Amino acid sequence: MLTDLHNKDRLQLFFGLTMGIIFGGLLQKGGLTNYQVIIGQLLLRDFTMFKVVSSAIITGMIGTYFLKGEGLVEIHPGSGSLWTAVFGGLIFGVGFGILGYCPGTAVGAFGTGAIDGLFGILGIIVGAWLFSLIYPLINDTFLTKEEFDQLTIPEMLGINHWLVIVLVVVILISVLGLIEKMGL
Amino acid sequence: MNTWSPYLVGTGIGILSWFTFLLSDKTIGVSTAFVRTAGMIERLFRGDKALEKPYYEEYPPIIDWGWMFVVGIAIGAFIAAKLSGNFKVISTPDFWSQQFGNSNLFRWISAGIGGIFIGFGARWAGGCTSGHGISGTLQLAVISWITFIFFFIGGVASAFIFYSF
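Heads up: the protein sequence lines correspond to chains A and B, in order.
Quick note on the working numbering: the first sequence kicks off at 1 and runs consecutively.
Quick note on the working numbering: the second sequence kicks off at 1 and runs consecutively.
A hint or two may mislead.
Rough simulated footprint, nothing fancy, chain B against chain A, three-plus residues with beta-carbon under 8 Å [what the hints assert, rightly or not]:
| id | stretch |
| --- | --- |
| 1 | 15 to 21 |
| 2 | 159 to 168 |
Examples of chain A residues lying across from chain B (beta carbon under 8 Å, computed) [what the hints assert, rightly or not]:
| id | residue |
| --- | --- |
| 3 | Lys-51 |
| 4 | Val-53 |
| 5 | Gly-177 |
These aren't lab readings, by the way, just hints derived from the structure by calculation.
Note that the coordinates shown come from a computational prediction; the quantities given were computed from them, not determined experimentally.
C-beta: ideal position from N, C-alpha, C; glycine also.
All chains, please: the whole structure from these sequences, using the hints.
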């Protein structure tokens, strides 16, 4: 763990910006700042987004668990419940289909000159603000029911994480192979 | 369009995630920055009283790593688009116009409404397509895999219904 480095606040802001620039550049190069590509994924006509995300998961997962094994990084799995996943996920999905960008790709789209991306960004800020209003009402009831409190799949199954990683890689590559075979 | 292979881009994002863990002890995530921005705007209007809101106590309206990361996304996409000659001010994407007509106002209002659902839903779900969809899934977080599936169930249903009009 490079704890000293993590505590250098100003340098970390610079790292955040730099890594964001790389991420934004990659999103643009992958075509994911393009409305047609994102909505094409949701209409199941264009699987670019699935291909990008799957290869990011495969690469990221293997490297991160390797670094974790070497004691160089700590992972930060989130927490939540079926309630946050299903309800929050579906509300997000409604907006996803209408906007045709997700938060990161809306920001990226705006960077490439898409004005509708800017309106998406403004909407997301309003949505996050509306959530801040109802948060006190639901925090003690729905949101704190954290069934999956920082739990990973290998922890849940009680098996070695490399077994899960191999399984996830095999499944994702099989699905990708099928998608390529179908020409999507 | 001058795009790269999606597999190359995805691999690049995966490698980037190694460095966010290693150098910054952070995960790639976007939607938290929107809460912080909402808080900053509210603070402009209500002053420090805004900071008493419980949600802002959890996510203070400050410029942090994640906020800079989101600013970086816009800059990085701009640079990449400029370098490949793809930068173009577009009010409404063609793919939208083919389905819903040329009204910019209609597209902008729809985009704003879609954004509201996204912002609300992402905070309810505790993350978005990057936080859960990439960072959470690659850490094999149970909650992220379930949430990610529901993002897509909702998104596919919503897009199909919307595009059937």
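Point to revise | Annotated coverage of the stretch 15 to 21 of chain A by chain B, confirmed only when three residues or more have a Cβ within 8 Å | key: Result for this restraint: holds, n = 7.
Practice item. Closer than 8 Å between Cβ atoms is the bar; does Lys-51/A clear it against chain B? Give me holds or violated. Key: holds (4 Å)
Point to revise | Hinted contact Val-53/A with chain B - closest CB pair below 8 Å | key: For Val-53/A, the interface hint holds, since the closest Cβ of chain B sits about 6 Å away, which is under 8 Å.
Practice item. Hold the hint about Gly-177/A up to the distance rule: shortest CB distance to chain B must be less than 8 Å. Key: violated (12 Å)
Review point. Taking 8 Å as the C-beta cutoff, is the stated coverage of the stretch 159 to 168 of chain A by chain B satisfied by three or more residues?
Key: holds (count 4)
Hint check: a violation occurs at hint 5 only; the rest are consistent with the structure.
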